[in-house]
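Participant: These protein sequence lines are chains A and B, in that order. Counting from 1 along the first sequence, just add 2 to a position and that's the residue number in this note's numbering. Counting from 1 along the second sequence, just add 1 to a position and that's the residue number in this note's numbering.
Quick caveat, the hints were computed from the structure, so don't treat them as lab data. Heads up, a few of these hints could be off.
As the list claims (entries may be wrong) - Here are the simulated lysine-lysine pairs, DSSO-like style, with alpha carbons at most 27 Å apart: (1) Lys-49/B to Lys-186/B; (2) Lys-403/B to Lys-36/A; (3) Lys-138/B to Lys-114/B; (4) Lys-101/A to Lys-403/B; (5) Lys-146/B to Lys-30/A; (6) Lys-30/A to Lys-215/B; (7) Lys-388/B to Lys-36/A; (8) Lys-122/B to Lys-186/B; (9) Lys-55/B to Lys-91/A; (10) Lys-135/B to Lys-146/B.
As the list claims (entries may be wrong) - Residues from chain A that keep clear of chain B, each with C-beta distances beyond 10 Å, as calculated: (11) Trp-8; (12) Ile-17; (13) Lys-36; (14) Thr-38; (15) Phe-41; (16) His-70; (17) Ser-78; (18) Lys-96; (19) Asn-99; (20) Asp-100.
Each residue gets a CB set at the ideal place from its N, CA and C atoms; glycine is no exception.
Listed below are the residues making up each chain.
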Amino acid sequence: MSEENWIEVGSTDSIEEEDLIRFDHQDKTFCVYKLTDGFYATDGICTHEAVHLEDGLVMDDEIECPMHQGIFNIKSGEALSPPACEDLKTYPVKVDNDKIFIKID
Amino acid sequence: MKNNIIILGGGQAGIYAAREIRQNDSKSNIKILGEENLLPYERPPLSKDFLLDKKKAEDLYFHSSDVLKNENIEFENISINKVDFENKKLFANNDNVYSYDSLLISTGSENKKLTLDNNLKNDIYYLRNLEEAKKIKEIVSNKNKITIIGGGFIGLEIASSLSQLQKKVIVIEIGNQLMGRVIPKQIADLVQNTHIEHGNEIILNKQIEKITKKNDDYEILLNDNSLIETDFIIAGIGSTPTVKLFENTNLKLDNGIVTNQFCETSIKDVYAAGDVSNFYHPFYERNMRLESYQHAQNHGICAGKNIAGVKTEYTSIPWMWSDQFNLNLQLTGICDEYDEIIERGNDINNGVIYFFLKNNKIRGACGVGVIGKVGRDIRITSKLTEKDTIVDKQILSDQNLKLNKLIQK
Ligand SMILES: Cc1cc2nc3c(=O)[nH]c(=O)nc-3n(C[C@H](O)[C@H](O)[C@H](O)COP(=O)(O)OP(=O)(O)OC[C@H]3O[C@@H](n4cnc5c(N)ncnc54)[C@H](O)[C@@H]3O)c2cc1C
Ligand code: FES
């Protein structure tokens, strides 16, 4: 994958710890999270129905969908609790000069 | 020791219980007896995405037959019509007899039927299972003006779906607000406005006097003498626990099967879970019966643990949702025991929540908003309820202040 795939999301202080921000790029939506051990990124839409996870609740390493409480592991994308059963896609994240980048394929 | 465990009722509580038993007990025989010729499936989409064709029947199963096979859980399509608790036997409609060491009853609930004078039984449709959903979907494709009798969750979800299919929909509700008394009037009114904005007609405070068939159409006479003409009628007037099978037995019944916090019934080795059970909730210190997805799942899991010998109290704070048009409504805890109500927000676009407090602690909350807008706060509310602590009412009432702050404290 080429360097161009790293997209700048914003500065590291734009996200509170144990929280997330929504990031839209072209026609896709992502969620970028700040957990105790760093930054992570997933698709921004729940795999159950088309709901933005930006309004969900981040607890430890998990994001809980605001619509039906489907739960995903933020680091692996694994669907942990029904009605969500399809995993959430995750993306690599790097921090450079206090800026967050995610790698979109 | 190897046991015969039978799960009577192959719905949501039943399948979650079966898998939980297997997690804790690799040896026992686990058999689910279900009268629907389908592996356990999700009911919520029946009134929503299934009618809208956004989900197909095969999308609704909780688990594939492979999962059941791998976990050595047997599913048999059979209807049980007699129970002998003394000799631990179940009798099927085809003369099969099933013996059990432990029994879980998870027969769910069934729709109340309208009592009508004339013989219109087969003309009025109800929605509880996939077969009925398929029938409704097929018939409405040729109908235009549809009447829903009953303005509860399921009736309103059907009304929302049919409106999205470009049907003219009329909802007739006997009470003075939609969704019964558990929902605050203000929230019921917001939901009602959304239905009206989408063209649905909502008639409150009216009773059905008579329904008459006119060729292929119907005339509904209301108690104020008004007449409604319609070409299809669906009723959603509430449900009752499926307990007929146990009526002449020793099993203690009272608005469902009475269970304690361990899902145990009044009969040894007989458990009940899901819609059918009127269970003791240790946090609220009272019995309650819930019809909700989250409860069926968690209660099934709890019953599974107890059946497998892992003694576990059921303490889950109730939660349910309803989706109508672009709205998501959520309820947590109980909203009928309070000395104070606090409102958070007043615009449906940002979400509106009513908290029910007793002695300055949250007992429950009900919220509605455009999809995604109330879920996080309702989830935090469930956690706050569980914590049973005195809450800062300023934070509850001010939508600009995040509720997370209350958990961290
Ligand atoms: C249309 C619809 C929409 C819903 N939407 C929502 C929603 O949006 N949100 C929410 O929280 N909840 C919703 N619910 C409620 C939720 O689906 C139920 O609470 C849940 O399915 C209950 O699970 P259960 O296992 O107790 O019963 P069920 O899933 O009803 O399963 C019981 C099973 O037992 C079988 N059975 C009964 N008697 C016998 C017998 N004698 N022999 C063999 N089998 C028998 C039945 O046929 C059935 O298959 C909805 C329900 C319906 C019907
Ligand atoms: S939309 Fe996310 S769990 Fe249903």
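Participant: Each hint should be assessed against the structure and marked as holding or not.
Facilitator: Okay, the hints, checked on the actual structure:
{"no.": "1", "hint": "Lys-49/B to Lys-186/B", "in the structure": "24 Å, holds"}
{"no.": "2", "hint": "Lys-403/B to Lys-36/A", "in the structure": "17 Å, holds"}
{"no.": "3", "hint": "Lys-138/B to Lys-114/B", "in the structure": "20 Å, holds"}
{"no.": "4", "hint": "Lys-101/A to Lys-403/B", "in the structure": "26 Å, holds"}
{"no.": "5", "hint": "Lys-146/B to Lys-30/A", "in the structure": "39 Å, violated"}
{"no.": "6", "hint": "Lys-30/A to Lys-215/B", "in the structure": "53 Å, violated"}
{"no.": "7", "hint": "Lys-388/B to Lys-36/A", "in the structure": "26 Å, holds"}
{"no.": "8", "hint": "Lys-122/B to Lys-186/B", "in the structure": "33 Å, violated"}
{"no.": "9", "hint": "Lys-55/B to Lys-91/A", "in the structure": "22 Å, holds"}
{"no.": "10", "hint": "Lys-135/B to Lys-146/B", "in the structure": "19 Å, holds"}
{"no.": "11", "hint": "Trp-8", "in the structure": "29 Å, holds"}
{"no.": "12", "hint": "Ile-17", "in the structure": "14 Å, holds"}
{"no.": "13", "hint": "Lys-36", "in the structure": "14 Å, holds"}
{"no.": "14", "hint": "Thr-38", "in the structure": "14 Å, holds"}
{"no.": "15", "hint": "Phe-41", "in the structure": "19 Å, holds"}
{"no.": "16", "hint": "His-70", "in the structure": "6 Å, violated"}
{"no.": "17", "hint": "Ser-78", "in the structure": "20 Å, holds"}
{"no.": "18", "hint": "Lys-96", "in the structure": "27 Å, holds"}
{"no.": "19", "hint": "Asn-99", "in the structure": "29 Å, holds"}
{"no.": "20", "hint": "Asp-100", "in the structure": "24 Å, holds"}
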